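J.: Could you put the whole structure together from the sequences, leaning on the hints where they help?
Taken in order, these protein sequences are the chains called A and B. Residues 1 to 237, numbered by our numbering, are exactly what the first sequence covers, in order. Residues 1 to 351, numbered by our numbering, are exactly what the second sequence covers, in order.
Just so you know, these hints were derived from the structure itself, not from any lab. Note that the structure is predicted; figures quoted are calculated from it, not measured.
No more than 30 angstroms apart at the CA atoms, straight line, and that leaves these computed lysine-lysine pairs for DSS-like:
{"no.": "1", "chain 1": "B", "residue 1": "K343", "chain 2": "B", "residue 2": "K294"}
{"no.": "2", "chain 1": "B", "residue 1": "K294", "chain 2": "B", "residue 2": "K281"}
{"no.": "3", "chain 1": "B", "residue 1": "K275", "chain 2": "B", "residue 2": "K176"}
{"no.": "4", "chain 1": "A", "residue 1": "K55", "chain 2": "B", "residue 2": "K9"}
{"no.": "5", "chain 1": "B", "residue 1": "K9", "chain 2": "A", "residue 2": "K51"}
{"no.": "6", "chain 1": "B", "residue 1": "K281", "chain 2": "B", "residue 2": "K343"}
{"no.": "7", "chain 1": "A", "residue 1": "K51", "chain 2": "B", "residue 2": "K67"}
{"no.": "8", "chain 1": "B", "residue 1": "K275", "chain 2": "B", "residue 2": "K294"}
{"no.": "9", "chain 1": "B", "residue 1": "K176", "chain 2": "B", "residue 2": "K121"}
Incomplete in silico selection of chain A near chain B, CB under 10 angstroms:
{"no.": "10", "residue": "S136"}
{"no.": "11", "residue": "T138"}
{"no.": "12", "residue": "R142"}
{"no.": "13", "residue": "W143"}
{"no.": "14", "residue": "D145"}
Derived coverage of chain B by chain A (criterion: at least 3 residues anywhere in the stretch with Cβ under 8 angstroms from a Cβ of chain A; other residues may be distant):
{"no.": "15", "segment": "82-95"}
{"no.": "16", "segment": "98-108"}
Even for Gly, the Cβ is constructed at its ideal location relative to N, Cα and C.
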Amino acid sequence: MPLNYDARQSMITLSPTDFDAIRLSVQVAIAATLLSLPFGLAVAYLITFVKFRGKLLLEVVVNLPLTMPPVVVGYLLLLLLGKHGWLGSLLSAAGIRLIFTLKAAVIASALVGFPLLVRSLRTGMEAIDPQLINASRTLGARWYDTLFTVILPLSVPGLVAGSSLMFARSLGEFGATIIVAGNIPGVTQTIPLAIYEYASSPTSGDMALSLCLVSVALSIVVLFLHEMMAKKMARRD
Amino acid sequence: MVLRMTARKSFATFTFSADVTIRDDRFGIFGVSGSGKSTLVGMLAGLLEPDTGEIMLDDDCLFSSAKRINLRPEQRRVAIVFQQHCLFPHLSVMNNLLYGFKRCPPEHRSIDFDTLVSVLKLEGLLGRGVTNLSGGEKQRVALGRAILANPRLLLMDEPMSALDDALRFQIIPYLKSVSEQFRIPYLFISHSLVEMRLMAEQVLVMSGGAVVEQTSTDQLARSRMGHSPVGYINLLRLSRPRLDNGLFSYAWGAGELLISAGSDQQEAIFELSSKDIILCKMHPEAISARNLLKCSVVSTFESGNKVGVELASGEGRLVAEVVPQAVEELRIAAGSELYAAIKASAFRRIG
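T.: Shown next as structure tokens:
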């Protein structure tokens with residue numbers, strides 16, 4: 001990655017591997033967020049607007065990764081996707097290998113961040129006046145028409161807030177990722193994994209600190225965006 | 001329009017039941033809040049499913065528990081003007097108006113967009129967003145949106161209750177003229193008797209989740225006179241005012257009425273309570289009330305512990321209320337002649 005200033009002279013010192021880690025982190029976070037969005041929207045819609053049996057169970061399952069240690073999520077994922085796993089054996093028969101690839105890191109991040117996304121989307125959807133939905137239906141819109149022309153446009157603030165929160169959470173994903181994706185520099189090593197590796201070695205304290213600063217800066221930017229959206233959401237009524 | 005509805009639905013706190021036939025294109029549903037009016041609206045629009053029953057609109061079955069028919073809201077062509085305007089905040093006035101129109105099958109589209117926009121005086125608002133419109137403007141857009149969906153029945157669910165008094169009666173001419181001009185039958189739902197009488201002649205009275213009476217709005221107002229703190233409200237549509245020593249003079253009945261709260265508008269509607277009319281057997285020589293009308297008694301009726309006296313002056317009709325002792329003393333009966341004294345300040349202009 002080209003540098004337009006001499007990084008080694010400045011306070012923050014970043015090696016090419018660090019830049020790889022930053023790039024991979026951002027890649028994983030974006031992919032995990034995009035992957036989760038359709039599912040998140042579907043689940044938030046179901047929980048907010050549809051009456052069905054087993055809604056409570058769905059809510060518990062969706063929120064489970066929020067309370068479970070990420071390591072546990074990662075281990076279960078390893079059992080599922082590993083060579084002898086239930087899904088993994090099917091996939092390897094089709095020639096697809098997920099474990100210890102960037103794809104596995106994306107899946108791990110998506111799973112861990114999913115409850116945060118659904119929560120924000122739900123808050124956004126619950127804020128929609130049910131009479132607007134009734135109005136749309138009586139004006140001739142079918143349920144999916146109402147979904148695309150009323151519910152989704154009015155869920156945008158919740159969607160942006162949820163996505164930013166999920167993006168931030170994915171940037172910091174560690175426990176589940178290290179188990180299913182490993183810690184391979186330039187391949188699956190994201191910022192937290194790189195920091196972990198630096199921290200394990202007695203001579204790399206400065207390097208760890210530099211990456212920590214990058215991580216803090218990224219989080220601050222994303223959370224600022226998130227707060228702005230949350231405020232916008234609260235104002236709308 | 002013929003609407004036939006038999007429906008029952010049990011809720012935690014009350015049971016809704018209705019068995020009615022409505023044969024008028026302008027019909028009222030009257031009742032206090034919690035009487036089941038909104039439940040009725042929800043069932044007609046398909047937003048709420050009765051436990052049992054049948055709803056027929058002309059020859060079409062909208063709902064039948066026996067035949068297992070339950071048309072979805074979008075299949076019924078029953079539009080609602082809600083209490084709160086319920087405009088889509090992310091769409092412009094134009095796109096709000098066209099929301100139902102675009103979804104209406106072309107063979108049912110009979111309402112011309114430009115005509116409607118000009119009837120509702122929305123020309124200047126089309127490109128604007130809806131959040132900064134005034135309350136009256138929002139309700140006019142909501143009305144236009146419902147009409148443009150080309151419904152075969154329009155439900156007006158307390159469309160004026162969120163507006164303040166001045167605006168409330170400004171919107172009535174729009175509600176009436178639009179439905180009449182585009183020939184859309186409506187049910188007007190309200191807990192205000194005055195609004196109801198301006199909008200419909202026949203009315204269903206709901207109480208405790210059930211339809212308890214089907215009557216004319218005027219009859220309903222008379223029967224409630226003795227129990228209402230404001231008495232019977234006479235509604236007078238007066239036109240072509242003339243200024244007379246600082247008061248507005250309007251031709252009415254066999255003579256004219258002098259009113260303090262008149263206006264320069266060519267036509268206005270005034271309220272006059274039955275309590276504000278004093279009846280005299282003989283012509284009082286001098287009286288401060290500016291209106292002294294010679295009237296004949298058309299009929300009398302009892303309501304609570306009061307007696308309503310229907311007075312005629314030419315074509316004009318007024319209802320005054322007195323206590324039974326006064327009826328006896330003045331020997332009031334159909335055909336008797338009386339003088340009605342009304343202060344110029346007793347009239348309240350509502351539109």
